[in-house]
Amino acid sequence: MYSLATSRLRVLVADDCPDTRKSMRMLLKAWGHDCRDAADGEEAVRLATDYHPDVVFLDILMPGVDGYEAARRVRHVDPTLRLIAMTGHTGPGDVLAALDAGFDHFLVKPCAPKELESLLRSFADERPLEVAGAMTHVQ
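Per the numbering used here, residue 51 is the first one in the sequence shown, and the count goes up by one each step.
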């Protein structure tokens, strides 16, 4: 389990499936993270701009603005965000398309909680924290 003092992340989950958003939000909050969710790519881009998350989980196959386009737009807003593609549909070129769109990681749904926990822990360990007005890097 995470230590809230050093590992709390701001996480955005974008998925057009309400059950996926709800279960991810509940899991992330149980682990001590601050979590927001979006029902589509357009809302994800808006929240990424306003909420300033550390990590963004984006479903690939969302109506309207899909995960690939949302990733490109979010990457333009903040190139340091960690972007994770989540999809239940995988094909031969999906991982390469995700990397080309700016994703850092590619997960196939349903995602195992241990895999999510390990990934988030690695992000939290890398995150710079502000301490007394100075930036420091957590190892």
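Just so you know, the hints here were simulated from the structure itself, not pulled from any lab data. In this text, a Cβ means the ideal position worked out from N, Cα and C, and glycines have one as well. Don't take each hint at face value.
To be verified - Subject to a maximum C-alpha distance of 25 angstroms in a straight line, what follows is the list of computed DSS-like cross-link-like pairs (lysine-lysine):
#	residue 1	residue 2
1	LYS164	LYS72
2	LYS79	LYS164
3	LYS159	LYS72
4	LYS159	LYS79
Said to hold, decoys possible - Label-pair restraints from in silico Cβ distances:
#	residue 1	residue 2	range
5	LEU149	GLY114	16 to 24 angstroms
6	LYS72	GLU167	15 to 23 angstroms
7	LYS79	ASP175	18 to 26 angstroms
8	GLY141	LYS79	28 to 36 angstroms
9	GLY141	ALA80	28 to 36 angstroms
10	SER168	PRO113	14 to 22 angstroms
11	PRO142	ASP100	35 to 43 angstroms
12	GLY143	ARG58	21 to 29 angstroms
13	GLY141	CYS67	27 to 35 angstroms
14	GLU176	THR99	18 to 26 angstroms
15	GLU119	ASP175	27 to 35 angstroms
Going down the list of hints, with the structure as the test:
A C-alpha spacing of about 18 angstroms is found between LYS164 and LYS72, which places the hinted pair at or below 25 angstroms, so the restraint holds. Taking the CA atoms of LYS79 and LYS164, the gap is about 15 angstroms. The hint holds against a cut of 25 angstroms. At roughly 14 angstroms between alpha-carbon atoms, LYS159 and LYS72 fall within 25 angstroms of each other, so this suggested pair holds. At roughly 19 angstroms between alpha-carbon atoms, LYS159 and LYS79 fall within 25 angstroms of each other, so this suggested pair holds.
At roughly 23 angstroms, the beta carbons of LEU149 and GLY114 sit within the given window of 16 to 24 angstroms. One distance hint, 15 to 23 angstroms for the beta-carbon pair LYS72 and GLU167, holds here, with the actual separation near 18 angstroms. Look at LYS79 against ASP175: about 20 angstroms separates their beta carbons, and that is inside 18 to 26 angstroms. Under the hint 28 to 36 angstroms, the C-beta atoms of GLY141 and LYS79, about 33 angstroms apart, fit the expected range.
A hinted range of 28 to 36 angstroms holds for the C-beta pair GLY141 and ALA80, which are about 33 angstroms apart. At about 31 angstroms, the beta-carbon gap between SER168 and PRO113 misses the expected band of 14 to 22 angstroms. Look at PRO142 against ASP100: about 36 angstroms separates their beta carbons, and that is inside 35 to 43 angstroms. For the pair GLY143 and ARG58, the supplied restraint of 21 to 29 angstroms is violated, since their beta-carbon distance comes to about 36 angstroms.
Separation of GLY141 from CYS67 is about 19 angstroms and departs from the stated range, judged on CB atoms against 27 to 35 angstroms. As the Cβ distance of GLU176 to THR99 is approximately 22 angstroms, the hint placing it in 18 to 26 angstroms holds. Against the hinted window of 27 to 35 angstroms, the Cβ-Cβ separation of GLU119 and ASP175 comes to about 30 angstroms, which satisfies the hint.
In terms of the numbered hints stated before, the structure departs from hints 10, 12 and 13, listed from lowest to highest.
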